[in-house]
Amino acid sequence: MVGLAALILTFVSVQSLVSTLEINLVGSVSSLGGQIDVWSRGASYPLVSKIPESYADAIRSLPGVTLATPVDLALLTVASDEALVAGIVPAAIPRLFSYSIVKGSMIASNQSGILAMGNSLALALGTSAGDEIQLNGQSYQVSGVYSTNTWIDNSVIIPHVVAQQMIGMVNGTSMIIATTQDPRSIDTLIGQIKTLLPATDAFRSSEAPSRVSPLFASLETIAADITAIVTLGAVLGIMNSNLNNLRERMRAFAIFKATGASYGQIIRLVLYESLLLGILGTLLGLGISYVALQFVSIPVLQTTSVRIFLLPSTFIYATLLGISISLVAAIYPALRIARVRPQEVFRFG
Amino acid sequence: MDNNLILRTESLSKTYVNGPEKTVALDDVNLNVRRGELLAIYGPSGSGKTTLLFLLGGLDRPTSGQIFLDSLEISNLDERRLSTLRRNEVGFVFQNYNLVEDLTVLENVKLTMMFEGKSEQEMAQRASDVLRKVGVAHKEKNRPSQLSAGEQQRVATARALANRPRLVLMDEPTGNLDQDNSHGLMNLIEEIMIAEGVTFIVATHNQEIVQATASKVFLKGGRIVNDSSTSSAL
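Those protein sequence lines, which keep their order, are chains A and B.
The first sequence begins at 1 in the working numbering and counts up one residue at a time.
The second sequence begins at 350 in the working numbering and counts up one residue at a time.
Excised from the complex, chain A in its bound form:
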């Protein structure tokens, strides 16, 4: 039971760590809004994407496009730590995502030396509107603190032109975000962008998370491998424990058989018992996982530590895994014990 609880703790922890990282990275690309994302071809994350800024004009010229704005993304030093910085054209900010101002005001011009900060980051750095803060070694004033209830609350927003200079991407941008008048024309527009700009990947913004997911493929593989190895260990360990336990109770099963229990009834008895212990072990493991992971946070960036996400699906899979393991690990011992010959046990012990 304790072994199964340990397995559940390992499974929930590994899966939750991966989920938390994935949700945050996915959140960072999906919190920018828009309907169409344009990245450089083959890029799996906007931080590694670079396209000419002039592509925004080309996209804007396509019929039906209402907005095509460049967005730069970079990991820069904020105060003494690292944070995600988004360079956005100030006029486009309200059209990209909805936000509320917690304090101060959103950046409204291309003026250098001002920035807006997400409330999560401001809280982490102990900064508020009006404060001076070092961004990439230069002094900036926090014009306002915003809240979006998305991952961008962990970021800094500066004017796009300032970001271009700061990250050495003059005439370039990480990505272009576009919107259209008629949502039904999105796919047509995507086709037109791909034809017009073959060095880019254009796709629905809602598909951005799936572009990021390849980054997690190896991480998920590692998590799956760890789960498989731990599961195999648990199955063998629990099976061995079941065999020893049943061997110790061989006489009881011989009595059951001598008093009329059939082969099938003995198997069912062992499986029921194992299922019961499996449910108890699983519940224990889930309880320990839930409590323990409340106290764990992981650093996504230096400035951004996030608490582990405990997804219901992880708990459901853990429950299914625990119950399956307890049943699988009981099958062989059940078959062995069901073949017990009472006359031999009573004669020879």
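What the hints contain is simulated information worked out from the structure, not anything from laboratory work.
Heads up, a few of these hints could be off.
What the hints assert, rightly or not - Calculated cross-link-like contacts (lysine to aspartate or glutamate; reagent style DMTMM-like; alpha-carbon spacing at most 25 Å):
#, chain 1, residue 1, chain 2, residue 2
1, B, 371, A, 273
2, B, 467, A, 273
3, B, 490, A, 344
4, B, 482, A, 248
5, B, 569, A, 344
To be verified - Distance windows between CB atoms, simulated:
#, chain 1, residue 1, chain 2, residue 2, range
6, B, 561, A, 236, 56 to 62 Å
7, A, 287, B, 445, 41 to 47 Å
8, A, 331, B, 498, 36 to 42 Å
9, B, 429, A, 210, 37 to 43 Å
10, A, 273, B, 410, 56 to 62 Å
11, A, 312, B, 468, 17 to 23 Å
12, A, 268, B, 498, 32 to 38 Å
13, A, 287, B, 395, 53 to 59 Å
14, A, 273, B, 473, 19 to 25 Å
15, B, 437, A, 312, 47 to 53 Å
Backbone N, C-alpha and C define an ideal beta-carbon position, used for all residues, glycine too.
Chain A is already provided as a structure; the job is to place chain B on it using the hints.
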């Protein structure tokens, strides 16, 4: 088969094989047991008494020969039907009682009925009845380890009777009992025979039981050397 006979064996033999070594435990045993009688099987240690009981109770299979319980030939039954036979037709009281230590007296007595799939109410009612009959109803919540040898013997008897079997097999039932308890047990067997019409076959060393029993079979070296059972005259 004669309607008065509940059990009959024909040329029953059992040989244990251990590598090149062969041990003949029973050799050409022919036995007839009347319905409702008490048959004592006696003989020295190693004479095959326990082996014979195990074969008669469907716990083991003969090497050759046949066993008929009423008209049913049981030596060739498959495992599933043998389980049903052990559950419904035959009660077994083992030499060391073989009560399950982790279960209470009441739960031990319910075992056979549980495997039969009877309702909880029915099991509780019958278990209480048989425990009362054997005189240990007041111990139903105790564990076997909390009982004396005589009480454990009675619980084992209650368990054997729980499913109303036609035949009860007892292996050295007085082996661990003092004289008073032995007398008490034999009286109990007689009461049950009368009240429930059960046939008893008792394997024993106890000369008092042998002398007090009308039907008896003497086993030696796996063979019946003296059959003074009432049915031997058939």
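Here is what the structure says about each hint:
1. Our distance criterion of 25 Å between C-alpha atoms is broken by residue 371/B and residue 273/A, whose separation comes to about 40 Å.
2. At roughly 20 Å between alpha-carbon atoms, residue 467/B and residue 273/A fall within 25 Å of each other, so this suggested pair holds.
3. Of the pairs offered as hints, the one joining residue 490/B and residue 344/A is violated, with about 30 Å between alpha carbons and a cut-off of 25 Å exceeded.
4. For a cut-off of 25 Å, the pair hint linking residue 482/B to residue 248/A is broken: about 33 Å separates their Cα positions.
5. A threshold of 25 Å between alpha carbons decides the hint, and for residue 569/B with residue 344/A the separation of about 22 Å falls inside it, so the pair holds.
6. The hinted range of 56 to 62 Å is satisfied by residue 561/B and residue 236/A, whose Cβ atoms lie roughly 58 Å apart.
7. Under the hint 41 to 47 Å, the C-beta atoms of residue 287/A and residue 445/B, about 43 Å apart, fit the expected range.
8. For residue 331/A and residue 498/B, the hinted distance range of 36 to 42 Å is satisfied, since their beta carbons lie about 39 Å from each other.
9. Under the hint 37 to 43 Å, the C-beta atoms of residue 429/B and residue 210/A, about 55 Å apart, miss the expected range.
10. A hinted range of 56 to 62 Å is violated for the C-beta pair residue 273/A and residue 410/B, which are about 29 Å apart.
11. The hinted range of 17 to 23 Å is not satisfied by residue 312/A and residue 468/B, whose Cβ atoms lie roughly 40 Å apart.
12. Checked against the given bound of 32 to 38 Å, the beta carbons of residue 268/A and residue 498/B, roughly 34 Å apart, stay inside it.
13. Against the hinted window of 53 to 59 Å, the Cβ-Cβ separation of residue 287/A and residue 395/B comes to about 57 Å, which satisfies the hint.
14. The beta-carbon spacing between residue 273/A and residue 473/B, approximately 22 Å, falls within the hinted interval of 19 to 25 Å.
15. A hinted range of 47 to 53 Å holds for the C-beta pair residue 437/B and residue 312/A, which are about 49 Å apart.
Violated hints, in rising order: 1, 3, 4, 9, 10, 11; the structure is consistent with all others.
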